[in-house]
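Asker: Sequence:
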Amino acid sequence: MSARIFDMDEETVRQRFAEECRGRLIITEVRRCFHRLHAMDPFCEPMQVQRPVFGWYGAKAQLVEHGAFQDEALHMNWERVEILSFERAHGGGVHIAPVRRIMKSAMLSMVGSFHQECHMLLCALALGIREIVPEGSEQDSPSNPLFQTGVANELGEPMWHLIWETSEPGGVLPLYVVSFVFGH
Numbered sequence: 031m032s033a034r035i036f037d038m039d040e041e042t043v044r045q046r047f048a049e050e051c052r053g054r055l056i057i058t059e060v061r062r063c064f065h066r067l068h069a070m071d072p073f074c075e076p077m078q079v080q081r082p083v084f085g086w087y088g089a090k091a092q093l094v095e096h097g098a099f100q101d102e103a104l105h106m107n108w109e110r111v112e113i114l115s116f117e118r119a120h121g122g123g124v125h126i127a128p129v130r131r132i133m134k135s136a137m138l139s140m141v142g143s144f145h146q147e148c149h150m151l152l153c154a155l156a157l158g159i160r161e162i163v164p165e166g167s168e169q170d171s172p173s174n175p176l177f178q179t180g181v182a183n184e185l186g187e188p189m190w191h192l193i194w195e196t197s198e199p200g201g202v203l204p205l206y207v208v209s210f211v212f213g214h
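Its first residue numbered 31, the sequence shown is counted upward by one per residue in the numbering used here.
A portion of the hints provided could be inaccurate.
Ranges of calculated distance between the beta carbons of each label pair, as one might list FRET restraints [what the hints assert, rightly or not]:
no.	residue 1	residue 2	range
1	Gly213	Ala91	16 to 26 Å
2	Thr58	Ile162	33 to 43 Å
3	Phe99	Thr196	21 to 31 Å
4	Arg61	Ala103	12 to 22 Å
5	Gly186	Gln146	31 to 41 Å
No wet-lab data here; the hints were simulated from the structure.
Predicted model, so just to flag it, every value in this text is computed and none were measured.
Ideal Cβ placement from N, Cα and C applies to all residues, glycine included.
Just need the whole structure built from these sequences, with the hints factored in.
Answerer: Pasting the structure below:
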């Protein structure tokens, strides 16, 4: 049995993925981002008693791999939101879909790779105080130092969590890489 991080292990990740995808995506592999675990203490420290929020980061394969296995912040993916044409980006930050909106990040990963294996990151997020950012906004940083991150809300439910390029990189902790194919 594998170790659990924030009450998640590989099997839990597979179950959550399958529940949210409803057969539209098929997992080919789940890998833990082991080297990122050294960042656990700095990630948890500012949260104090808060629990992390989880979300999916989708981007082209090499950016997902880089985010999983390098010690750097995730690359901006808002351009891919615009490419899909089903909605406009909510500012110029990293767009991370809430766990229940997995297909949004899956589509970002599948742009240009529809019939190939694609990848997403399941991340723990320390969001702090969030600022609502409207669709089509060109905002690329908080409008006030009070805000740490942004959120795209629709009827009170987040559509995207937004991590600004100027945000502290410790607010996102990649936990697992999930590789998948489109289920037809």
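Asker: To test your reading of the hints: which numbers does this structure violate?
Answerer: none
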